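S.K.: The primary structure of each chain is shown beneath.
Protein chains: 2
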Amino acid sequence: MIKTAIALAHPNIAFIKYWGDKDSDLRIPANGSISMNLDSLYSRTEVTFDSSFEKDELILDGQDPGEKAVKRVTRFLDHVRLMAGIPNFARVSSENNFPTGSGIASSASAFAALSLAASTAAGLELDEAALSRLARRGSGSACRSVPAGFVEWQAGQDDESSYAFSIGPRDHWELIDCIAIVSQEHKGIGSQDGHLLAETSLVQKIRVVDTPRRLDICRQAILNRDFEAFAEVVELDSNLMHAVMMTSQPQLYYWQPATLGVMQAVSEWRKSGTLVCFTIDAGPNVHVITLEESSPKVIADLLQIPGVSKVLVSRPGTRVRLVSE
Amino acid sequence: MIKTAIALAHPNIAFIKYWGDKDSDLRIPANGSISMNLDSLYSRTEVTFDSSFEKDELILDGQDPGEKAVKRVTRFLDHVRLMAGIPNFARVSSENNFPTGSGIASSASAFAALSLAASTAAGLELDEAALSRLARRGSGSACRSVPAGFVEWQAGQDDESSYAFSIGPRDHWELIDCIAIVSQEHKGIGSQDGHLLAETSLVQKIRVVDTPRRLDICRQAILNRDFEAFAEVVELDSNLMHAVMMTSQPQLYYWQPATLGVMQAVSEWRKSGTLVCFTIDAGPNVHVITLEESSPKVIADLLQIPGVSKVLVSRPGTRVRLVSE
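Residue numbers (the working numbering), protein chains in the order written: chain H, 465 to 789; chain V, 465 to 789.
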């Protein structure tokens with residue numbers, strides 16, 4: 465008997481970042497984090513379990529993604545098979561509506577969509593927390609793409625306690641993420657490997673110890689729609705993560721020259737009264753967060769900055785969901 | 465009776481940085497530091513005390529530098545007058561052989577030269593430690609421009625114990641500092657004000673606590689002429705200081721986009737086997753440290769990087785000294 469399911473999930477942008485693990489196998493993070501799903505970007509993932517398959521197969525954007533990616537997905541599917549008590553291999557086909565290598569990380573949306581599609585196709589009915597925990601095993605930040613809108617991932621201590629939940633629906637606050645694309649290049653060091661280096665930085669320990677304070681400020685700023693408090697903690701948190709990266713051994717540099725150009729322009733714009741701030745993940749592109757009314761000018765001004773090739777625009781996105789086609 | 469003295473001093477580049485004070489009035493630093501004097505750059509300062517002068521006068525590069533600079537120098541001269549027991553006002557004329565606003569900080573060389581010229585003109589004969597302590601009151605890092613060659617500033621606890629001494633003469637190691645000039649602009653926030661913000665960063669405390677370890681590594685690397693150990697600790701230390709700056713409240717950004725371009729190029733060159741590393745003070749220019757034999761290629765390659773307008777080259781410099789003309 466053939467069982468198929470298709471799911472769609474959005475990537476998310478972290479306002480309080482995840483960097484470093486307490487347990488890298490289970491992806492129990494060193495600290496909690498807060499993010500927003502990005503509705504204009506998505507991964508669509510189809511999973512079929514069939515007793516006639518002789519191995520797991522993976523197609524990403526129509527292509528064979530290579531052995532490393534297949535191993536990662538097989539390990540994830542092994543866990544789903546164990547949970548569901550089924551022996552069958554699977555065929556997985558996943559597509560992103562944003563180009564791979566555009567500098568937008570696809571692992572969060574891909575593993576969130578895979579979690580729902582694979583668990584459904586395997587006959588499981590997981591509640592949101594269980595689905596978030598499952599997604600976390602594939603890629604830490606994927607657990608935040610499971611719930612809707614504005615999301616907090618409680619770090620927890622173990623597999624049971626480490627999952628994400630919504631702290632506000634997508635229409636809670638009309639933030640706009642204007643993603644300034646400054647590089648189409650693949651990153652030198654993927655975030656999977658980067659997480660393992662976090663502990664080699666002096667800065668990581670103090671960043672982690674201070675995180676509950678920053679989480680409180682960020683959560684309250686979102687709940688109160690207080691852009692100024694939000695902007696300050698979001699930029700501080702981004703800079704703290706990049707401070708860890710740049711003081712790791714070896715040092716990790718995710719910023720490009722144009723990244724810094726955008727950061728400095730955004731700082732100037734905010735000083736001049738525009739409600740705008742930046743945050744940067746493990747890559748060179750700059751997520752420039754603003755409000756609906758300011759966004760046309762912000763987008764136009766970003767496109768004037770040397771090195772910015774385009775701007776992707778996204779509003780808060782909903783939760784992972786099943787689709788029929 | 466007219467008393468005049470002229471002194472010449474070099475700026476220095478810090479390998480282990482000074483950032484933040486235990487006592488900002490006395491400029492007792494939060495942590496010790498290590499530097500090298502730069503022989504191709506200098507400040508030349510002439511001081512005359514005369515009972516006929518009715519106030520202190522200051523000329524910098526032939527111009528009136530404004531009230532703020534005069535106040536700073538007068539406060540410094542008050543201390544010299546107190547030490548020497550003289551009441552006279554002074555005329556101070558100082559010139560740099562590098563353009564003001566070239567992004568090379570002149571306060572270290574200017575106050576080192578002023579310390580020797582003013583104390584001599586006031587009739588004092590200070591030993592090196594006392595001269596270094598005096599220079600420290602004018603500008604913290606000026607204390608490191610008093611002794612020769614490779615210099616360590618022991619943080620100390622009070623005015624008596626906080627001064628710099630040579631850990632190696634200028635010919636100890638043939639390092640070359642290739643200063644990639646990426647901006648002629650004046651800094652947004654001077655280092656005087658920046659020091660006061662250090663404590664608002666989470667990162668400062670851990671940076672300071674760890675400094676004795678980095679000082680040991682750097683000192684040993686210099687004494688053993690071990691470039692690889694030197695390069696690693698110098699880049700880490702520079703990134704740690706900028707991590708403090710970028711996580712201060714308000715955040716301080718001294719890097720420009722081209723600064724990051726040079727940093728990343730230098731990292732690549734070292735990975736390819738060139739003995740080269742970078743360090744960046746409270747400004748956008750990049751001090752690219754290499755050895756004599758590698759310097760022609762490093763300079764040529766630096767000039768190819770977008771945003772690098774010129775490269776100043778310097779070998780290790782000697783101590784502050786009196787000159788006759």
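Simulated from the structure, these hints should not be mistaken for lab results. Bear in mind the structure is a predicted one, so any value in this text is a computation, not a measurement. Glycine is no exception: its CB is placed at the ideal position from the N, C-alpha and C atoms. Be aware that one or more of the hints could be misleading.
What the hints assert, rightly or not - Listed below are several chain H residues computed to face chain V (Cβ distance under 10 Å; list not exhaustive): (1) Ser515; (2) Phe629; (3) Ile670; (4) Asp674; (5) Ile681; (6) Gln684; (7) Asn688; (8) Asn703; (9) Leu704; (10) Ala707; (11) Met710; (12) Pro721; (13) Ser758; (14) Pro760.
Stated by the list, open to error - Sample of chain H residues with no beta-carbon within 12 Å of chain V, all distances over it, derived: (15) Lys519; (16) Thr538; (17) Asp657; (18) Gln728.
Stated by the list, open to error - Just a few of them, taken from the derived set where beta-carbon distance is under 7 Å, the chain H residues facing chain V: (19) Thr664; (20) Val667; (21) Tyr717; (22) Trp719; (23) Leu724; (24) Gly725; (25) Leu755.
S.K.: Please go over all the hints and tell whether each is borne out by the structure.
M.R.: Structure-based check of all given hints:
1. Ser515: violated (50 Å)
2. Phe629: For Phe629(H), the interface hint is violated, since the closest Cβ of chain V sits about 27 Å away, which is over 10 Å.
3. Ile670: With Cβ-Cβ at 5 Å, under 10 Å, it holds.
4. Asp674: Asp674(H) check passes; min Cβ-Cβ to chain V is 5 Å, inside 10 Å.
5. Ile681: violated (12 Å)
6. Gln684: violated (18 Å)
7. Asn688: Result: violated, 20 Å to nearest chain V Cβ.
8. Asn703: With Cβ-Cβ at 4 Å, under 10 Å, it holds.
9. Leu704: holds (6 Å)
10. Ala707: holds (3 Å)
11. Met710: holds (4 Å)
12. Pro721: Since the shortest Cβ distance to chain V is 4 Å, the answer is holds.
13. Ser758: Violated: closest Cβ of chain V sits about 21 Å from Ser758(H), beyond 10 Å.
14. Pro760: violated (25 Å)
15. Lys519: Answer for Lys519(H): holds, closest chain V Cβ roughly 38 Å.
16. Thr538: Given a closest Cβ separation of 33 Å, the condition holds.
17. Asp657: holds (16 Å)
18. Gln728: It is violated; Gln728(H) is separated from chain V by about 6 Å at its closest Cβ, not greater than 12 Å.
19. Thr664: Not OK, violated: Thr664(H) not within 7 Å of chain V, min 10 Å.
20. Val667: holds (5 Å)
21. Tyr717: Result: holds, 6 Å to nearest chain V Cβ.
22. Trp719: holds (6 Å)
23. Leu724: Holds. Min distance 5 Å.
24. Gly725: Since the shortest Cβ distance to chain V is 4 Å, the answer is holds.
25. Leu755: violated (21 Å)
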